[in-house]
Each structure stands twice: as structure tokens, then as C-alpha cells.
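All chains, full assembly: derive it from the sequences and hints.
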Amino acid sequence: GRSSYGGTIGMAFVSTVCSQVQGGSISTLNHNNVLRHATVVAHELGHNLGMKHDDKRCPASYIMHSTDNGSRNFSTCSADDFENLILNGGGTCLRNPPRTSNVYKEPVCGNNVVDNNEECDCCQQTQECTNPCCDAATCKLTPGSQCAQGLCCKNCKFKVAGTECRPKMDFCDLPEYCNGSNAYCPDDVYIMNGYPCDNMKAYCYYGVCQSFDSQCESIYGKGARKAPDVCFEKANIKGDRFGNCGMRGGVYKKCPVQHSLCGKLQCTSVSLQNLPAWSVVNNASGVLCWSSDFDLGSDVPDPAQVHDGTACGEKKACVGFECVDASHLGYSCDVKQKCNDNGMCNNNGNCHCNSGWAPPFCNRSGYGGSVDSGPAHIDTSLRDGLLIFFFLVLPIVIVTVLAVIKRDAIKRKFCRKSRRQ
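The sequence shown: position 205 = 205 (full-length UniProt numbering), numbered continuously.
Each hint should be verified, as a subset may be incorrect.
[Unchecked claim] Simulated crosslink set (BS3-like; lysine-lysine; CA at most 27 Å straight-line):
#1 Lys238 with Lys254
#2 Lys234 with Lys201
#3 Lys234 with Lys154
#4 Lys338 with Lys315
#5 Lys234 with Lys222
#6 Lys336 with Lys316
#7 Lys336 with Lys168
#8 Lys201 with Lys316
#9 Lys338 with Lys201
#10 Lys254 with Lys315
#11 Lys157 with Lys168
#12 Lys168 with Lys222
#13 Lys168 with Lys201
#14 Lys316 with Lys238
#15 Lys168 with Lys140
#16 Lys154 with Lys168
#17 Lys222 with Lys253
#18 Lys316 with Lys253
#19 Lys234 with Lys253
#20 Lys315 with Lys336
#21 Lys201 with Lys315
#22 Lys338 with Lys168
#23 Lys336 with Lys201
#24 Lys157 with Lys140
#25 Lys238 with Lys253
#26 Lys316 with Lys254
#27 Lys338 with Lys316
#28 Lys315 with Lys253
#29 Lys157 with Lys234
#30 Lys154 with Lys140
In short, the hints are calculated from the structure, not lab data.
Here is the structure:
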């Protein structure tokens, strides 16, 4: 993050560009130099894209250095960080271009951005257009083309309704499907926050099943598990970098015992090969408890803190470093009444039906899905109709016509023989 004049002028989460709740950043303009402020915005956006500080890794003359240096370029360290984000699946949303209707600016044909009143825009003004679906001169679709880009566009045509365009990434996520008349995948939807997951031991929160074990594995590798509660109590009441409930005024906050499960993550069964640079181990009642501090800077929230939405007791969940009633997660769906117990509610409050049931209320037979996700079944009625016509109806018609023609020929033959006799 960026520090200047002794203070922090920006803050962002790392590798959260596709997060529904943590995908943004904050930058403050404390001088009149707009160009310099733009580098701060770029720096914080870099964090969202997975880029860490260049300090001690690359020279100080690049955007991702922790101090405000006015640089306009990203380093090779930043490029490597971004590549790792993509390879690890953290940039899936970047593959879905924004809808044309969501872009508000004066249209400029040739800027490689689909502006209002444009159907496509395939190139920079100085580059050759290689998209066969788009007329570069007019930014209109070529004759016969239905689309030029989008997850539901292939070979200039809309993909068949029911084609999966965004698979589910977690138990708490939901898949989306093309609707057959739009080039773009429907908006991302997920199971409503607060829905139980992981055998009723955790809760869904913004499309992710927030379990302690999965958080430990994300930091320490496969096999890492949540430490006993005593580890959280012993570490998080200290209020230091390896055990705390966040920071206030630049000082680590001690966790009250009742909220200790919602502070710094404590794990066991940790592989030494996967330890972050700054890690400590404590012995709590004979159990080795591991905790880490990533030291990413004052502008980057600590990824080793317990996530909001994590269960911290019976019908309780962590929210803002406190263990509160799980109702604070916002779950408000009676699936038995609303979805006839044949599905679950998504984040829009609509039923996502199980396979075999149809939206909107899962009370009749169908293929599953919701009114938000697109049809969860590829419509093959036209194909099936054509197959039946060509392989069943048409042969019968041909055979019948041939039989009639042959019958008439036989009749004429017999008539000629009878006249000769």
C-alpha cells in the first residue's frame, strides 16, 4: 500500500479483484497533483490484482513500492504476482467483459471498448481488427453475426440456451447458464449468506463456505486444520501481530475471550514447507498452534485473520472480529415454504431449484436452476425435431410416395394386359 508524509493514503485487499465483498480499494487525494494520485489508485488496484509490495524484491522505482514515488510502471515482480493470481483461479471474473449498457462514456469507435450505441469494438485505431464478427470501421456486427464477444458468444453466434458459462466455484456458489439470446453470462449469483454448509458446521458467506479448516489449508497447505479453541484464546487475548482482533489507531486490539475465535487464525497439522515468512508456534495444552503475519503493509488487511461468516459456536458466526448471532449474516429464506423444500435461496432471495424441479418455486418438474441463473438445460427441441423429421418422417414420406407411384405403375400394367386379352 501507499504511505506518504508519514501516513497511509490508500488501502486495498490483495487478490480480491473477483470478490463480491472485498474487491474494492480506498485512495485519498491529499494534494492537487491528479497524475500522482492516479499512481496511488493504480497501486491499490494492483493489490486487488494480486500484486504485493516490491520492497526487497524489485527496485524502488515502480508502482508497487510501499512509498509514494510517482512511478508509472509495474515491475516484473508485479507481473509475476498477477500471473500467479490468474493461474490460481483468482481472476475468473476478468474473463467476462462488462455489459455494454454498464459503460458510460462518449463512444469512440476503435478504442477496443464497446461504448453505448456500439455493437462491438475489436481493435485499437492503429491495429488491425482480427475479429470476424465485428466491422472495425463502423463498430457494428458483420452481416449474419449475432455477437462479437462474451462468455455466451461463439463463432459470432449466441451459444445454445442452457450452456454453462460460469461454473460453481464452491459449495456455496451457484452456476450460471447462457439464455440463448444474449452474448453475456447472467450476473453471478450464490447461495444466500448464512446458509449452513460443511455438514452444518459452517455458513455460506458471499459464495464461499467459510470453514476454519479451509482457511487453514489456504494458508498452510493441504491437511492443515483448525487448532483447538484454547489456542485461539491463548493467542488472541495478547493483542500482538500473531494474536489480535484487528487494529485500532495503529495498535493491535486484544480479543475478549468470547470473541477469540474471530481474531487471528490458529491452525495445526501445518507443513513446515508451506509456512509464510513470519510465523510462530505456541504450545497450548500440549497442542502446537501455528499463527502467521504476512506483513503486507498498513494498507492491506491481514489474510490470516478469521473470515467474516465463520462459525464460532452454535448458531453463532464471526462478523467484524466479534462472535455474534448467526442471524447477523442475513439469512431470511424458508426453503420449505418458498421453494417447496426442493432447492435453496440465492443472494437475490429467489429459489435455485434442485435438478428435477423448475423455477421460480420448485413446485413442478424441470431441470433446476433459478430465474437469475439462466436455463439449466440445453434446449434440444429444435435439433430433436429436425432429427425426427429427417430420420423418421421424411423416410416414411419417401417410401409412401414411392409406393403410390409403384402402385399406379402396376395398375397401368395390369390394365394394358387386360385390354390385350
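Status of each hint after checking the structure:
| no. | hint | verdict |
| --- | --- | --- |
| 1 | Lys238 with Lys254 | holds (6 Å) |
| 2 | Lys234 with Lys201 | holds (23 Å) |
| 3 | Lys234 with Lys154 | violated (56 Å) |
| 4 | Lys338 with Lys315 | holds (22 Å) |
| 5 | Lys234 with Lys222 | holds (25 Å) |
| 6 | Lys336 with Lys316 | holds (23 Å) |
| 7 | Lys336 with Lys168 | holds (24 Å) |
| 8 | Lys201 with Lys316 | holds (11 Å) |
| 9 | Lys338 with Lys201 | holds (24 Å) |
| 10 | Lys254 with Lys315 | holds (24 Å) |
| 11 | Lys157 with Lys168 | holds (24 Å) |
| 12 | Lys168 with Lys222 | holds (21 Å) |
| 13 | Lys168 with Lys201 | holds (21 Å) |
| 14 | Lys316 with Lys238 | holds (23 Å) |
| 15 | Lys168 with Lys140 | violated (33 Å) |
| 16 | Lys154 with Lys168 | holds (21 Å) |
| 17 | Lys222 with Lys253 | violated (30 Å) |
| 18 | Lys316 with Lys253 | holds (21 Å) |
| 19 | Lys234 with Lys253 | holds (14 Å) |
| 20 | Lys315 with Lys336 | holds (20 Å) |
| 21 | Lys201 with Lys315 | holds (10 Å) |
| 22 | Lys338 with Lys168 | holds (23 Å) |
| 23 | Lys336 with Lys201 | holds (21 Å) |
| 24 | Lys157 with Lys140 | holds (14 Å) |
| 25 | Lys238 with Lys253 | holds (8 Å) |
| 26 | Lys316 with Lys254 | holds (20 Å) |
| 27 | Lys338 with Lys316 | holds (25 Å) |
| 28 | Lys315 with Lys253 | holds (25 Å) |
| 29 | Lys157 with Lys234 | violated (60 Å) |
| 30 | Lys154 with Lys140 | holds (17 Å) |
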